[in-house]
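Build the complex: two chains, separate frames, hints provided.
Going line by line, the protein sequences match chains A and B.
Using my numbering, read the first sequence as starting at 1 and increasing by one per residue.
Using my numbering, read the second sequence as starting at 637 and increasing by one per residue.
Quick caveat, the hints were computed from the structure, so don't treat them as lab data.
Glycine included, each C-beta is placed from N, C-alpha and C at the ideal position.
Any given hint could be a false lead.
Below 30 Å or equal to it, Euclidean Cα-Cα: the simulated DSS-like pairs (lysine-lysine) are [to be verified]:
{"no.": "1", "chain 1": "A", "residue 1": "K217", "chain 2": "B", "residue 2": "K718"}
{"no.": "2", "chain 1": "B", "residue 1": "K842", "chain 2": "A", "residue 2": "K369"}
{"no.": "3", "chain 1": "B", "residue 1": "K863", "chain 2": "A", "residue 2": "K157"}
{"no.": "4", "chain 1": "A", "residue 1": "K369", "chain 2": "B", "residue 2": "K853"}
{"no.": "5", "chain 1": "B", "residue 1": "K826", "chain 2": "A", "residue 2": "K157"}
{"no.": "6", "chain 1": "A", "residue 1": "K359", "chain 2": "B", "residue 2": "K779"}
Computed footprint of chain A on chain B; a stretch qualifies when at least three of its residues, placed anywhere within it, have a C-beta under 8 Å from a C-beta of chain A [as the list claims (entries may be wrong)]:
{"no.": "7", "region": "660 to 670"}
{"no.": "8", "region": "673 to 686"}
{"no.": "9", "region": "694 to 708"}
{"no.": "10", "region": "736 to 745"}
{"no.": "11", "region": "758 to 764"}
{"no.": "12", "region": "767 to 779"}
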Amino acid sequence: MSEIERHSYDVVVIGAGGAGLRAAIEARARGKRTAIISKSLLGKAHTVMAEGGCAASMGNVNSNDNWMVHFRDTMRGGKFFNNWRMAELHAKEAPDRVWELETYGALFDRTKDGKISQRNFGGHTYPRLAHVGDRTGLELIRTLQQKIVSLQQEDFKATGDYESNIKVFHECTITDLLKTDGVISGAFGYWRGTGGFILFEAPAVVLATGGIGKLFKTTTNSWEYTGDGHALALRAGATLINMEFIQFHPTAMVWPPSVKGILVTESVRGDGGVLTNSEGKRFMFDYIPDVFKEQYATTAEESDRWYTDPDNNRRPPELLPRDEVARAINSEVKAGRGSPHGGVFLDVSSRMPAEVILKKLPSMYHQFKVLADVDITKEPMQVGPTCHYVMGGVEVEPDTASSNISGLFAAGEVAGGMHGSNRLGGNSLSDLLVFGRRAGLGAANYVDGLGARPAVNEADARAAETRALLPFKNEGGENAYTVHLELQQTMNDLVGIIRKGEEIELALKKLEDLAIRTRQVVVEGHREFNPGWHLALDLRNMLLVSMCVAKAALERVESRGGHTRDDYPVMDSDWRHVLLVLSARGEDDVRLRRQEQVPMRPDLLDLFELDELKKYYTGEELGGHRAGTAGESDTA
Amino acid sequence: MSYTAHFRVWRGDSNKGELVDYNVEVNEGEVVLDVIHRLQQTQTGDLAVRWNCKAGKCGSCGAEINGRPRLMCMTRMSIFDKSEALTVTPMRTFPVIRDLVTDVEFNYQKAREIPAFAPPAGVAPGEYRMEQVDVERSQEFRKCIECYLCQNVCHVVRDHEENKPAFAGPRFLMRIAELDMHPLDAADRKRAAQEEHGLGYCNITKCCTEVCPEHIKITDNALIPLKERVVDRKYDPLVWLGSKIFKRTPANA
Ligand SMILES: Cc1cc2nc3c(=O)[nH]c(=O)nc-3n(C[C@H](O)[C@H](O)[C@H](O)COP(=O)(O)OP(=O)(O)OC[C@H]3O[C@@H](n4cnc5c(N)ncnc54)[C@H](O)[C@@H]3O)c2cc1C
Ligand code: SF4
Ligand code: SF4
Ligand code: FES
Chain A
1 MSEIERHSYD
11 VVVIGAGGAG
21 LRAAIEARAR
31 GKRTAIISKS
41 LLGKAHTVMA
51 EGGCAASMGN
61 VNSNDNWMVH
71 FRDTMRGGKF
81 FNNWRMAELH
91 AKEAPDRVWE
101 LETYGALFDR
111 TKDGKISQRN
121 FGGHTYPRLA
131 HVGDRTGLEL
141 IRTLQQKIVS
151 LQQEDFKATG
161 DYESNIKVFH
171 ECTITDLLKT
181 DGVISGAFGY
191 WRGTGGFILF
201 EAPAVVLATG
211 GIGKLFKTTT
221 NSWEYTGDGH
231 ALALRAGATL
241 INMEFIQFHP
251 TAMVWPPSVK
261 GILVTESVRG
271 DGGVLTNSEG
281 KRFMFDYIPD
291 VFKEQYATTA
301 EESDRWYTDP
311 DNNRRPPELL
321 PRDEVARAIN
331 SEVKAGRGSP
341 HGGVFLDVSS
351 RMPAEVILKK
361 LPSMYHQFKV
371 LADVDITKEP
381 MQVGPTCHYV
391 MGGVEVEPDT
401 ASSNISGLFA
411 AGEVAGGMHG
421 SNRLGGNSLS
431 DLLVFGRRAG
441 LGAANYVDGL
451 GARPAVNEAD
461 ARAAETRALL
471 PFKNEGGENA
481 YTVHLELQQT
491 MNDLVGIIRK
501 GEEIELALKK
511 LEDLAIRTRQ
521 VVVEGHREFN
531 PGWHLALDLR
541 NMLLVSMCVA
551 KAALERVESR
561 GGHTRDDYPV
571 MDSDWRHVLL
581 VLSARGEDDV
591 RLRRQEQVPM
601 RPDLLDLFEL
611 DELKKYYTGE
621 ELGGHRAGTA
631 GESDTA
Chain B
637 MSYTAHFRVW
647 RGDSNKGELV
657 DYNVEVNEGE
667 VVLDVIHRLQ
677 QTQTGDLAVR
687 WNCKAGKCGS
697 CGAEINGRPR
707 LMCMTRMSIF
717 DKSEALTVTP
727 MRTFPVIRDL
737 VTDVEFNYQK
747 AREIPAFAPP
757 AGVAPGEYRM
767 EQVDVERSQE
777 FRKCIECYLC
787 QNVCHVVRDH
797 EENKPAFAGP
807 RFLMRIAELD
817 MHPLDAADRK
827 RAAQEEHGLG
837 YCNITKCCTE
847 VCPEHIKITD
857 NALIPLKERV
867 VDRKYDPLVW
877 LGSKIFKRTP
887 ANA
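Same shape as in the complex, but just chain B (with noise of 0.2 Å):
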């Protein structure tokens, strides 16, 4: 059954913007997506979004839907109101750069900022044995899209521009977990953590597990493990006497 949408749409830049409202047809069975490129399609053809998948796969299609972090392709037009007004705006804590699109730039640098995976020394190639339960854990977090939602909505940095440089935000905090996890990955990896990506800053508040399409368990079983981890290091009598002993600079870390 078709019917006509009242889409309240946010177009603009990086300098100005403002909400713009669109009548549009919408059919059985669509999505969010579904309804923005009918838009572009047929009464605004420059109206910028990000898409690839359509299917929940890829991660490019978050939005603030009614002010709520979602996948523009995996949100049914059936569970709105058909009566009320649908507000679309793009993700609020990076800067716009056209209408839908933002600029993700933050999460690549911080992508970047943790430490790769560290291959065990003198394991060939072929020669890697795990098993299923143990990889499981780190399987978890690897399911992550990099929809940037949990990014988005954490409060560390929603509003917080100042602790964006302190902070990797829930997402990476979880890659930090996944490495260490890794039944594999040799690296020690809980100072770091707290003291280079501010896992201290995260206060548990699961806004990031809420918003995940994955159904991540980011908080549960990553953050606050990571935690754990990192309070039973900083009191371990030897590691704790280690680190005072041998306390390096970072210059000739």
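Bound conformation, chain A alone (with noise of 0.2 Å):
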């Protein structure tokens, strides 16, 4: 057995995206030493990858905006099944954290005034979206390590070493938890480059890892989102909610093939894009659904005065949230009516003049320019739906980020609950900043007020090495990709956009199957940045996930945001109320079990008109709301 390198932390951070970032400068701030551990290079991590922008209620384009309108929003888009408390603190702090970066050194667009400038999105009532052309992300990520980068320099100035307090191990993949006596007391895994393994000790981490989308063979997410946060979290025995939501973003490149699930950003639709079939027909005036009938424009000539007319016109349908979309082209493709590469089509070139174009949409062009030899100015996009983001995760605590166990916190896209059955666009990266610093916060604080620090057990870091290890020992098994690949079609045919119980059931057994394959996998060669070993460790976490998001599936048998079973096409209202919570079962099984949604505060449910709630609620769970309480003294 070689030497395992060795670190000690207040806080460690698994994830270098939004999230992990602002977790990290929170528990710094706090005075904690802090260690930021991803797979890829700082800056690469999904974060850098957001287009369209980030929502924060600061009413700068449209003043009527404010908290409770962002907090209905939310809810209305996850179908009130969010967990209300996280979109509450999601919807106040939203604004503080983006006026934050501003000090940071970030520079959105501005409006006339100077103030930040806020862009329409699908479901967000007014103008909500900071953003920075459709490259948000990237400022977001940039200005979050440049602010790492300042906190640094004044560790550097008072202790001549940058890395005093705040360390970033970059390619550097976690593979286990540890815990002693119950609590987390570390964190092992292995550097990319050399192969080397490396042990955190450490009795509070923050998970950041992002998504899952790798599961899937169509997908906007890169290698890296295997789950693996999902996976450490479960196997460190905390708990999973609501993995059967998972977003479908309705508009990706469908052609050429090689980049076929490449996002094409929702600011083309919230810019005036259109989407149109094979005959030439907008056709998601035939697509709104009654619960959204009152806040979209059922005529063409209502969207577009929207644009200009907000206050006296409905939004255009393009612009429902992402679930609605998805399965509307996913409906038109299905009816023949389709593009010729099985997409629809979106465009944006006979809705305005290409120099307004070049300048809001940018990346929009060149990405279509040299990918696929579009040129969006003067022709239709084609699109179609492709996974993008996971609504389920962690199940947290929603002040303090931490999960049911001790020490291990989780924010942003794998901590669940927020974003309900569906995320609204824009709220990802707002949800990083507000839970990340809760998160960062949450553990500092779980760290003031431990005695002892646990130690690490030797045993338990041997067996992650020799776990780590197995693919090399493997004889006769297959390669790691050939059973990644297998598992993605699965996903993806069985566990995709529109679900069957007994397609779901099959998954499920070819899961099984899939176990004990990835159990067996071999790797050829070295150690030395080996993409395949690494796949082959990843694949591990991508099949508990799996079996999550499958088990989930068949279980909720309705329709719901992120989750639609063709077999149980209505929204249940006796499903609002029911969480599937997930554990680990052994190595590579799960177990789920059904657990009552907490109430809203009255105070919240207020903000919504009685009829509203109706579409959504059961009546015994409306008692409370204040028209309900003041129609019983009427009665009565």
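Here you go:
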């Protein structure tokens, strides 16, 4: 057995996207020695790819906006399935988190009076997304990265060492969390470059590992999004919720095949782009669900007026929440009204002058020009749905971001609850900032309240090492790529955008078989930067998380947000208050149980009209509403 | 239309390496990174390569294709002659870790040496007011995806290891220009640009601008204006006098 490199920190943050970096900034600000760990280089996390913007009700463009409107939009988008306390904290704190970025040096696009400009997005009542062209995520991650540099420069002045209080370990992958007497004591992983092992001793770990897109074949997500944080949490004894809810973004590139799944930002629609089918029809007018009838325009004329006069017109149906638009596109293609490459048309060329397109959507222009040879100022794009985001994640305590395991925190895409059954565009970047900060704070407070620090068990570290080296010892198995492709195909075909009971059952059978094959995967070659080995280790996580998705999807016999059952096509109020909670059972199996949602606080319930709530809630649940209570006293 | 392409890929580590020949299938619409991935999946599972977004947004996949620094994910196969071999090598200016993956730590060190944004005193969060025209200049530089192709191509460091300590490279000199043009940044950065970060080494050849996948006009919009401002400041008689009279040593600066 080789020597294992060791480090000791107060707080270890796994993940260097928006959530992880913001958590680390907070932990360091609270005086904690903090490590940031990431699989890829610093600055390359998924957050960098976010295009559209960051939602915060600053009211810079429409002064009617405030946290209550944002809260309502978020709950509606999530079909009232959201953890309402998280949605409340998010709506209240997002503006402060965005303004704070300016003090770190961020340069958002401006309004005429010099404030941060805000743009329209699906499901948001008012222009709400702070943005920089269509590269908002880049601005966000670079700003946080540069803030960390500035903290390191402060530390350098004080100690002569940039890394005395905050250090980034990049291209380093965590494979196991370590516990001692039931509480977190550290984390174990390997350097991707050398293949050497590394052990962090730390009483508090913040998971900020992002999503699970690589479970699916068509996805906007990169190789990193293999559900590591979800699986690490499960294996450490924490619980996941809402894993059946996966967001399929309605508009991704569909051609050429090699770029299938690459995102076409929602800003294209927010700024005026329209969706049409092969008959040239703007089909979204046919897909406005009853619950949204009041908010969306029914004619092209009214839609077009909305861009200039939003107070007196209803919004275009292209801006319905993502689940609605994705299902609509899916139906059009199925009905034979798709575009030549199996999507639908998304057009800006007939809607605005070329200069405006180049100004507002520069990276989309560039992306289509280079990758598909399509000039979006002259012709329509072809787009279709792709796996984009997971609403499900680690069950956390909203105020502190703590999981049910002492010392383990989670924030960002890896945490569950905030977005309910469907996330609104722009609500992720703000989520990262709000809950990243809270997780850093939660972890710092936890460390402060701790007596003795738990010591890592040597045997646990050795066991983690043995497990990581298994693929080199195996004989006769397949290579990781083959098994991964089959897993992706299975999830795509059988637990994808539209689901059926018997198909999910079939998927679960296949997953059992894949679990055995995953254990036997063999790796060729050496340990230095060997992507085959890395995938073999990630595969183990993807498998466990796939089981969570499939089991929860089978259990929930209704359709809601990012979970559509062909055999149970309606949303059912009796399911609204039921959370499906998953925990690990052994190496690669999971257990599912039902849990009641905490009822919404009456003052928050009162922010909605009773008529709207009735579309989502059962009668008994609404007794506490202002109208309900008033109604009762009237009749009494 | 599929065809078989002849790839020559550099394989090796920091000690030794060589170009290895592969024949590999290429399909319509593919980019170089797709083909590298096909090699990984079908012929050589341990071929090391960096990538993330596959859409030119993260700056991970820089390499030299037929000697020219490019993003592999944004280089379409259709621009090359089908009958000619395509050579893919790692970025030359940085030490190789394995195959196409290089050690780019140099850039993170340089990033850390550029003094951070200095927030204006007395302006509370939420009170920042800036005009769009004023932020646009710095915004151009903030489009940078940190692919380090410009750092790789700049002749000051490309074959001159000895210049690395004194020279921040185009990407980070541009960072200084960005902060200098930030409407609310409170620091003066011109002397340091010249004396500590090596602006003087740049002789405006524009090679950096040519390879930038974000089409940032690094030389024209960042480096030359910064040089001009350094000159202005040096010969401004008051500043000159000030810097002579109150000259402080770096230690107590
Ligand atoms: C193309 C695209 C566009 C988007 N546009 C928008 C938008 O406009 N607005 C919006 O609000 N949202 C958008 N989203 C969603 C949003 O970008 C993501 O949900 C968000 O960035 C996730 O951030 P995060 O901090 O949770 O994790 P990420 O940014 O995903 O980072 C995860 C980090 O964890 C690390 N990691 C993972 N596993 C391990 C491990 N085992 N060991 C060590 N490190 C590990 C990774 O290396 C990485 O650093 C978009 C997403 C995509 C893909
Ligand atoms: S312009 Fe200056 S920085 Fe750019 S490549 Fe030439 S010498 Fe290097
Ligand atoms: S300036 Fe351009 S070439 Fe240089 S690192 Fe940034 S994006 Fe890459
Ligand atoms: S993979 Fe992100 S730039 Fe090429």
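Hints, one by one, checked against the model:
1. A:K217 with B:K718: Roughly 29 Å between the alpha carbons, so the hint for A:K217 and B:K718 holds.
2. B:K842 with A:K369: holds, 25 Å
3. B:K863 with A:K157: Measuring from Cα to Cα gives roughly 28 Å; hence the hint holds.
4. A:K369 with B:K853: holds, 20 Å
5. B:K826 with A:K157: holds, 21 Å
6. A:K359 with B:K779: With Cα atoms ~13 Å apart, A:K359 and B:K779 stay inside 30 Å; holds.
7. 660 to 670: holds (count 6)
8. 673 to 686: holds (count 8)
9. 694 to 708: That given contact holds, which follows from 3 residues of the region 694 to 708 of chain B lying within Cβ reach (below 8 Å) of chain A.
10. 736 to 745: Check passed, 4 qualifying residues.
11. 758 to 764: Since 3 is at least three, the answer is holds.
12. 767 to 779: holds (count 7)
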